[in-house]
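Each protein sequence line maps, in turn, to chains A and B.
Everything in the first sequence is counted per my numbering, starting at 1 for the first residue and increasing by one.
Everything in the second sequence is counted per my numbering, starting at 1001 for the first residue and increasing by one.
Derived from the structure by calculation, the hints contain no laboratory data.
Keep in mind that the hints are not guaranteed to be accurate.
Stated by the list, open to error - In silico DSS-like pairs for lysine-lysine, Cα to Cα no more than 27 angstroms straight-line:
hint: 1; chain 1: A; residue 1: 183; chain 2: B; residue 2: 1310
hint: 2; chain 1: B; residue 1: 1207; chain 2: A; residue 2: 186
hint: 3; chain 1: A; residue 1: 154; chain 2: A; residue 2: 183
hint: 4; chain 1: B; residue 1: 1207; chain 2: A; residue 2: 179
hint: 5; chain 1: A; residue 1: 154; chain 2: A; residue 2: 179
Claimed, not checked - Distance ranges between label pairs, derived from CB positions:
hint: 6; chain 1: B; residue 1: 1358; chain 2: A; residue 2: 429; range: 52 to 58 angstroms
hint: 7; chain 1: A; residue 1: 190; chain 2: B; residue 2: 1110; range: 30 to 36 angstroms
hint: 8; chain 1: A; residue 1: 361; chain 2: B; residue 2: 1260; range: 17 to 23 angstroms
hint: 9; chain 1: B; residue 1: 1296; chain 2: A; residue 2: 84; range: 42 to 48 angstroms
hint: 10; chain 1: A; residue 1: 309; chain 2: B; residue 2: 1337; range: 38 to 44 angstroms
hint: 11; chain 1: B; residue 1: 1110; chain 2: A; residue 2: 377; range: 49 to 55 angstroms
hint: 12; chain 1: B; residue 1: 1058; chain 2: A; residue 2: 122; range: 31 to 37 angstroms
hint: 13; chain 1: B; residue 1: 1169; chain 2: A; residue 2: 377; range: 35 to 41 angstroms
hint: 14; chain 1: A; residue 1: 404; chain 2: B; residue 2: 1110; range: 32 to 38 angstroms
Small disclaimer: the values here were computed from a predicted structure and weren't measured.
Think of the CB as a built atom: it goes at the ideal place given N, C-alpha and C, for glycine as much as any other residue.
So the chains spell out like this:
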Amino acid sequence: MSSHKSHAQQTREWLLKQLENVGDKEECTLSIGQDQAVLIYLKTMTDPITVQEQLVNRFYELNDLDQYHNFVSSFPSVKEAKDQDELLGSLLKGQVIVCIGDQMYMFDALLVQGATVSDAKTENVIQGPTDSFTESLDTNMNMIRRRYQSANLKAEYMAIGKLSQTRIAILYDDLRVDKAVLKELKERLDNLEADVIQSASEIERFTMTPKWRLFPTMMLSERPDRTVLNLSQGKVVVVIDTTGYVILLPAIFNDFFTAMDDQIQLPPIGWFLKAVRYIGLVATLLLPALYVAFTSYNPEILKMQIALLIAGSRATVPYPSFVEVIFMLLAMEFLTEASVRLPKAIGPTATTVGGLILGTAATDAGLVSNIMIILVAAVAITNFVIPMSMMSFGIRLAKYGFIMLATFFGLVGIVLGIISMILYLASLRSFGKPYLKMFAIRKLTEEGK
Amino acid sequence: MVRSVYFYYLFLLNALMNLVNFVPRILIGDRFDGAVMGVMLAIPIGMLFMYLFVRMITKFPGQGFPEIFAKYLPGWLGKLILFLLAFVWFSASSVTLVGFMDVTGRYISPDVSPYTILIGFLAVVCLGARRSSESILYALEIILFIMVPLIVYMTYRAISSPYFQWDAVKQVLTYFWTAPTLTSVAAATYIFSGYANVVIFNRVFQKLRVRHYWAIALIGGMTAVMAMLAPVGFLGAEGAGFHVYPAFSTVDSLRIRYFIIERMIYIFYVVYLCLSLVNSIIHWHVAKEMVLGAIEKPVSRSQDRGPSQKKRDTKEWWILAFFSAAVMVGASLMDQFSNNLIGIWFLNMRLWAELLLLILLAFCVLRRRSRA
């Protein structure tokens, strides 16, 4: 008997060892005199009311271990565990492990956070889950745990911000994570000096060096499926209370051009979509600059007909090409900004006013050329092809750099810009990982294994 | 830490650069005076240099020349040699930059002042040279992956063109057995000199292992042949000698029919501007690190971040500012003729500098063995 008992204890110890560093694990001992029962469960995955009423309150009401034993085993859904692995698996599924003497029961108290979860707003996909993170840390943890049922998923809780004391959780897969990244992240979070932290991007800003960057080196995501995919690739996730976004790191350039669609669609289509995004990147960065270079410096580069076409449509335009480009691009930026702030009801007005009136009227008046309108439209559309908004905003700003270079140096300036941008991106590091590098994805997955 | 594959990139970049710089002009100038045999001789010589260098440098894993010299040479000698080598690297890039400034003014932007263009070049090169060695290699990889397909396409178009005169090529090949001049051998061996950048980049190679020497020899040989014979095929055995930039004149005779750009030369120019800027960045990075190694105590890379970093940054800026000023002054003094002359001097000097490099390295290897 005694050896049997120690077996149950061994199992419990094994279980707790597996759950080392899992911050949302709860172990709760209920005792009446000598007799005691132990509950082990994950706080974020179980319904606290069920646990409290059915397991804790009932224990003290019955006030007798044998009766409690009968009570627990009388539930139709309650099962006795066959082995350790089943026990661990069910725990991760949101069941409560009830240890009474040498018996271990699995009590179903799964909490499904569905009511408060809303659809993804900034990262849409065509087919695939639409749920997105909420402002509650526990709900978010629940959503991640439901998709990633492994004891290797560790969660460490911290509080940051001197005044706000925002709760955050650092999540990672213990076997796949790069320990150096984790260590550096913890150091940076410890050294974080800010009074109030309210959003994921603030952490991004306060922890990254250098502070002046055009491109994000951490990814903000509101999609649980992307988060889980990244966890399985060995990345670290920071879940923050009071914000609907989590931070994924390290993030490299290519990550910002990945959408969850790539995983959902068939592989060739996924590759095609990715290629489209990179073409979009080149187009949105270079088209306006090339327009300036070709009209003001090197019309002879283009085929004769095209050069004449552009010159013809620019015949009425009374100022140099770079003024025209900046004028139109600014108009487009105003439009984009306005449509973000406008209430939903008057949103379509902006598009009508901007698209139809500004576009056609400006050409009719001879203030801008027809080709310029096409170009601005192309730039605006291709800019939003980039799936992650932080990156697409960085690119939106970077294209003005190219326009400036083209204004001063012509085609040479654009080449200078491309070289500097590649060098700049290649010199950035995201937690020690090179930001822009050929074949970076293959490398990461190899390291992940 | 990077993998050995970046060694091939360094070689490839240097080899490709030799399709446009003064090497083809020198080879074409000597086309009736043994340039063909010069190329044939250059392949084994260049490969031998590369092989010996790689064999020796792998004895010093993770160390650049400044660290090696500090350890195995007397202080003053090490510093002197570092300065000398830095000068070689610096002059390699500055001749390229000044040459490209001239090409830009001639073919692309006649309305922009050449000095404005040069300032643009220098700004990018200075900013680029300050990046870490790894970052520069990553950028090099990406740029090569974009540019090499274009170069292959242009080469294919040139050779498959109906206007390519094989007779002219055959005529030049009849001078195969003419004894080569030293200059043409020196010029042709430059194609294989990409390995020399490893003197600094060895710091970041995880475990340098070079195989496929045959592929390197093949690509190098093909580059040399293309550099010399493509202009001959287009401009004629006699006519090729009359052009200042034979490569540009050759590509300018190609037309793209089905694209929005009609003349091949613009694509060629963009490709080679990118390559020569990256090449200059690499050369300046090497030169800068050598000067830094000569005027500073060797610091291990792990200590890079710290209060001494700021001092180092200032020194870096001063070195790069000095380089830039030297190039600006040089550009204002030089014309096409003297730039070409300096190019020839440089190529001859480089051959001996490379020999010196190998001898020094061999000396350090011996010192290391005797100490061990």
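Hints, verified against the model:
1. Restraint check: the Cα-Cα separation between residue 183 (chain A) and residue 1310 (chain B) comes to about 26 angstroms, which is no more than 27 angstroms; the hinted pair holds.
2. Proposed proximity of residue 1207 (chain B) and residue 186 (chain A) is contradicted: the alpha carbons are some 31 angstroms apart, above 27 angstroms.
3. Of the pairs offered as hints, the one joining residue 154 (chain A) and residue 183 (chain A) holds, with about 14 angstroms between alpha carbons and a cut-off of 27 angstroms not exceeded.
4. Using a Cα cut-off of 27 angstroms, the hinted pair residue 1207 (chain B) and residue 179 (chain A) holds, with the two alpha carbons roughly 23 angstroms apart.
5. In summary, the hint linking residue 154 (chain A) to residue 179 (chain A) is supported, as the alpha carbons are separated by about 13 angstroms, within the 27 angstroms threshold.
6. The hinted range of 52 to 58 angstroms is not satisfied by residue 1358 (chain B) and residue 429 (chain A), whose Cβ atoms lie roughly 35 angstroms apart.
7. Evaluation of the 30 to 36 angstroms hint for residue 190 (chain A) and residue 1110 (chain B) yields a failure: the beta carbon distance comes to about 58 angstroms.
8. In this structure, residue 361 (chain A) and residue 1260 (chain B) break the distance hint of 17 to 23 angstroms, their C-beta atoms being roughly 29 angstroms apart.
9. For the hinted restraint 42 to 48 angstroms between residue 1296 (chain B) and residue 84 (chain A), the CB-CB distance of approximately 59 angstroms leaves it violated.
10. Remark: the range hint 38 to 44 angstroms for residue 309 (chain A) to residue 1337 (chain B) is upheld by a beta-carbon distance near 42 angstroms.
11. Taking 49 to 55 angstroms as the suggested C-beta distance range, the pair residue 1110 (chain B) and residue 377 (chain A) does not conform, at roughly 33 angstroms.
12. In this structure, residue 1058 (chain B) and residue 122 (chain A) break the distance hint of 31 to 37 angstroms, their C-beta atoms being roughly 50 angstroms apart.
13. The beta-carbon spacing between residue 1169 (chain B) and residue 377 (chain A), approximately 50 angstroms, falls outside the hinted interval of 35 to 41 angstroms.
14. The hint said 32 to 38 angstroms for the Cβ distance between residue 404 (chain A) and residue 1110 (chain B), and at roughly 21 angstroms that hint is violated.
In the structure shown, a violation is registered for the earlier hints numbered 2, 6, 7, 8, 9, 11, 12, 13 and 14, in ascending order.
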